[in-house]
Amino acid sequence: MFRLDPDTFKRIHPIEFHRRFLANGIRPDGRESLLSWRTPVVHTGSITTCNGSAMVRVGATAVLCGIKAEIAVPSAAEPTRGFVVSNVDLPALCSSNFRPGAPGEFTQSISDTVQSVVESAVDMDGLCIEPDRAVWVLYADIVFLNYEGAAMDAALLALMAALRNTRLPSKTVYSPTDGTVRASSDLSVPITLKHLPVASTFGVVEAGGGRMLMADPTEDEDAIVGSRVSVVVDALSGDLMGTFGGHIPLELLEQSVVLATQRAKEVGQIVGASK
Amino acid sequence: MKSDVVSPEGFRCDGRRPNELRRFNCDMGTASGGYAGSGADGAAYVEQGNTRCLVLVFGPKEPSMRSAVLHDRATLSVEFNIASFSSGERKTKLRKDKRLLEMASIIKSTFESVILMSSFPRSEITIQIQILQFDGGSLHTAVNATTLALMNAGIPMEDYVVACSAGFGNGHPILDVNYTEEGMDVPVISLGITPRSGKVILLNLESRLHLDEFEKVVTLARDGCTQMHEILDTAVRSSAEALAR
Amino acid sequence: MSGEQFLSTSERTFVVNALREGIRVDGRGAYEFRGLSIELGGGGFGSAEVLLGKTRVLANVSAEVVRPTANSAEGFVLFNTSFSPMASPAFEAGRLTEEEVLVSRMLEKAVRRSRAIDTEGLCIVAGEKVWSIRVDIHVLDHEGNILDCACIAAISALLHFRRPDVTVEGDQVTIHPMDERNPIPLSIHHIPICISFGFFDKGERVVVDPTHLEEQVQDGDFIVVVNTHRELCTMSKAGGAGLDVARIVQCTEVAAAKAAEVTELIRGALTKSNEIKK
Amino acid sequence: MDTEMGEAEHAMLHFVTPGETVTADTVFMRGHGTYNDGEELVATVAGVVERINKLISVKPLRARFSGEIGDVVVGRISEVTQKRWRVNMGARQDAALLLAAVNLPGGELRRRSESDELQMRQLLSEGDMISAEIQGFFQDGSASLHTRSLKYGKLRSGSLVTVPSSLVKRSKAHFLHYTLSPGLHVDVILGMNGFVWVSKGSKDANKKGDVPNSTQEDADALYANVNEPITNEERMAIARVSNCILAIAKESELITEAFILLVHEASLRIDCKDIVANSKQIIDAAKMSY
Amino acid sequence: MVLQRSDGRTDNLQLRPPTTTLSPLSRADGSARFAYGKSAVLAAVYGPKEVRLRDELLDSAKIEVLFRPLVGLSGTTERLYEKTIREILESVILKHLHPRTSVQTFEGADDDSSSLILSCAINATILALMDAGVGLKSMVASVTCIIDDSNQLVLDPSAEEIKGAKSVHVFTFDNVSKDVTSCVSTGVYTYEQYKSVFEVSQSACASVQAVYRQTMENKVGGVETVDEE
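Residue numbers (UniProt numbering), protein chains in the order written: chain A, 1 to 275; chain B, 1 to 245; chain C, 1 to 278; chain D, 1 to 290; chain E, 1 to 229.
Mixed in with the good hints there might be a few duds.
Claimed, not checked - Here are the simulated distance ranges between beta carbons:
| # | chain 1 | residue 1 | chain 2 | residue 2 | range |
| --- | --- | --- | --- | --- | --- |
| 1 | D | 50 | B | 25 | 28 to 38 Å |
| 2 | D | 100 | B | 25 | 48 to 58 Å |
| 3 | D | 274 | B | 50 | 48 to 58 Å |
| 4 | C | 170 | B | 85 | 35 to 45 Å |
| 5 | A | 3 | D | 140 | 49 to 59 Å |
| 6 | E | 72 | D | 82 | 25 to 35 Å |
Please keep in mind that the hints were generated in silico from the structure rather than gathered at the bench. Even for Gly, the Cβ is constructed at its ideal location relative to N, Cα and C.
Isolated chain A, as found in the complex (with noise of 0.2 Å):
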């Protein structure tokens, strides 16, 4: 009889491909459920060019955040407020999904959920230099080098632990007279972070007549994933701090919001180990 070695069967018919590992509840990359998730792994401190670094495996998914602090003057009708600016990038290089050129619409929309994530995780006034004239900005900058799914959860991932291992000058001077800032050349003291958020993202299948959660699609399951939902919960308080989601059953909302919750505590605590 005719036979498809499973190569060529998933390249042929996607859809059918992945339902028939629906079916039986377990998932092409080895994992044995629709809910377990591919475990991070995360290095932090290996771009020595900047003030903090890492580098995060999410499966096949790989992602480096660099972070870069400037000095900058600060905006008229907030004088004490830092600067956090971060970007997401996902080169051509990382999938054959992306195109080389402009970001596209879910590169810049994935840029600005992290971004206004990070916003209400860092403090802020902590990185004012002189009230009115001069403070931080700390330049984010996330790269995917492959990109396997989990894009959120991994890029919030790097960002936070970039920041966690990023340090500042001890002193730093402000001249009145010149407007110039003098910083002592060690980087040793970090910056405060009041949160530690977690992104956890869910698609949502159908299955055996109903839907369900599937957690942390990767790219190729993204063919039976109708949509997606991204929640992100603080792995210190256990608070929620967003959710970015599309169509999904109130119930498999509230759920994934539990789950989120769990994972976050256990990712919270990778990400605690790292320096």
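Mind docking chains B, C, D and E on chain A? Use the hints.
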């Protein structure tokens, strides 16, 4: 104390009378110089006073972009550039400077109505304008230079487009306004006419001018255009003679 | 393909032949504007939605405190046009069309270069802090003559705009919230009004305020920006049918008369919106 | 105006500029470079008035090549599409060379099959130079070429020189063969479009041109991509002839078979690389020996 | 204690009656303006119409969404709005009925650029789609809630109220399946607060859907409704 645009003796800051054009100098075919290699089909270099302008014309040629093809006439594209060293202060050029885009668009639509575009379906004519030195009146200098370059390229036109500017300073209409005068808040009209019909095809004013003075100024600019036509025509004929010999 | 539709030859001749008989397709006289409605303050100070016939433009003025360019005592006035694809299928998002460049340049020239706004009055501390006034122009519906409509919207919004009051004591600059102190209007020297003419029949026929249909048929345009002091602020004609000088002079006179009418309508709208506020 | 224009009048050039009335006489017909403004015939280009019977046209001094049927041209393949090549020959549009208008290897009288369409790029691919003849024009004014003679086809063993097309006059001889010294031959193809191909000459001048009863080998060799072996002496000769043609163009003189030879002789005392820089001197010397 | 909100409302869970205008634009196939207080959005719909070749989908209509802010140029926030709205529309438009076509919607904020604008944009878009006669599976409606600094839940906040909020929630509900069609929450909040937010939002959305109905009925206008019998 602001100095007068026209002195009581009737002279302007560069020694001209109010109705006098600046010195005009031109060279047709600069880039190709009669021999092959430079790729341009026509070229003209024009000096009006200290404003210097080089125009190259390419085409009609196969359109560089498929999407630009028009089935019933040629497409005209114009690029307008001002060299960063052209004026006193060095200015780095913005790639999408709206002023330059506007200039290009004005010149494009002016010449579109004069060139016999329908003789060249599915082809493209490109005009590249470079202001090398800027001393006021870049628009009219560019228009005159473009007319010469198009003729040099042998592209059929219904008529010349000749352009000239005129302004109004302390009670006097003045012809062919230079940069210093532009800086003295003189309102300037740039006027382009097709001399055969004597009709206005290009008109541009950028600063405030009272309606009561308008007719005087525009009439002066028109006279300037007529003078300009004689100058350009002489230039075309003498360069043709040189070539025919 | 999306984008603008072409017109048939018979549609073109229909429009031109009607004009030869002195009739416009929508029944207007040659020098007659379409109905003009100016709605001010729909979204607070400095917003104006102008409806010229069915052409709709929204202008919004906002202000922020910025640092001026080196030691200057002048504030900024910035224009931003957005030709939303909402207005016409011919407008594509993210592409700067020639039409958009021309409209935004004309507005800048009409309002900024003609010094309609007192930019020195926007200075708070010389070389340190100035107001930057931003005019965002949104074209929402394109039924012809965007430019005149946008110009009316921009100038109405600027006239309607109020910025927060500011006090300077030594180094200390205080910006007072609007509910604390009465906000301040901009100081505006004159009201430039843009009048567009369309020419037909090799320049023999002329109309003001061309509709979208007329714009597609016309042999060229002529734009005059003039204020009630009979000062020409900006004029522009590029290509199209050639015009006699006499015809041009005649157009400027018509424009001055039209501008006076439009200015009256803007003033009326302003008075009305002030009354509602009280 | 008298229809019987004398020789002397012919010699007098009537130069006009755009917008200038050529004639107000209504008996004349409008030709290239003119338009009707009411009763008057008006010039659209700066150039010389030409009259053939009642047809008045103005020929611009310089203009893009526009071509006529029968013109020999040299061009470069710019694109290979289904059933046709597009050829850049410096005209306002690329010309088309239909698959049906070339000789195919394997005999002339063969049906063109789909496999030929697929193999077009093996015959002529982008960048290849060809010589061809203008066969006709399409509706939109672009030219259609043919190479159905063994004198046309792919060009090899030489280099391209481009000159203004107005300097090449229509004549009987566009395939020129020079024997510069015994055993040293240079061939020149003078394209009407101003593209000139200068190449190593065939030993026997008679072999060029239309060869009756072409053999199959000849047809196969038509599309070969290999240059013949060329000696250094021959290379210098090709370079010298090329530079001579550029020098003629620089001085705006007509490029003809005889004049190239004269200029070549006049150039011999000057280093090959300095020919263009000293064009005036060489051309004047060549004219003297005319 | 009588509660007084900055715009005069007396109840934290009070929804301002939204103002709607149907088909204000002449060129678009459908258009609508939707406003909560001073936050207003104008939406226009073109389609289903001829699609650009590179966007053509074999089995469904291509849905494009473009959001423009009132002030300034669009940035990443606008992209997020576009993505959110597009995902809602993809689940709601009967796009498989119109293969190889495109449905384009354009939203322009009329006023105010707070998160409230996203709710307005979603609602305006749905109204514009109805105005254009594009087939929809269901009506979705969106509301915004905040948890203010005293941990009170406030429905349909004004721009000032949003500024001081601890967290902001934009919920969109479907009127047929009662599912959440979209949720965007930012800020820091507890699970209990979150649960109360979606209960409140769900019932508020139902009243917005009633407004849709009223708006559409007004369009039908003149024709006497059936309640006479």
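Cross-check of the supplied hints:
1. The supplied range of 28 to 38 Å is met by residue 50 of chain D and residue 25 of chain B, whose beta-carbon atoms lie about 32 Å from each other.
2. Roughly 55 Å separates the CB atoms of residue 100 of chain D and residue 25 of chain B, a value that falls within the hinted 48 to 58 Å.
3. Range check, residue 274 of chain D to residue 50 of chain B: Cβ separation about 37 Å, and the 48 to 58 Å hint is violated.
4. The supplied range of 35 to 45 Å is met by residue 170 of chain C and residue 85 of chain B, whose beta-carbon atoms lie about 44 Å from each other.
5. The supplied range of 49 to 59 Å is met by residue 3 of chain A and residue 140 of chain D, whose beta-carbon atoms lie about 56 Å from each other.
6. Range check, residue 72 of chain E to residue 82 of chain D: Cβ separation about 49 Å, and the 25 to 35 Å hint is violated.
Going through the hint list in order, the structure does not satisfy hints 3, 6.
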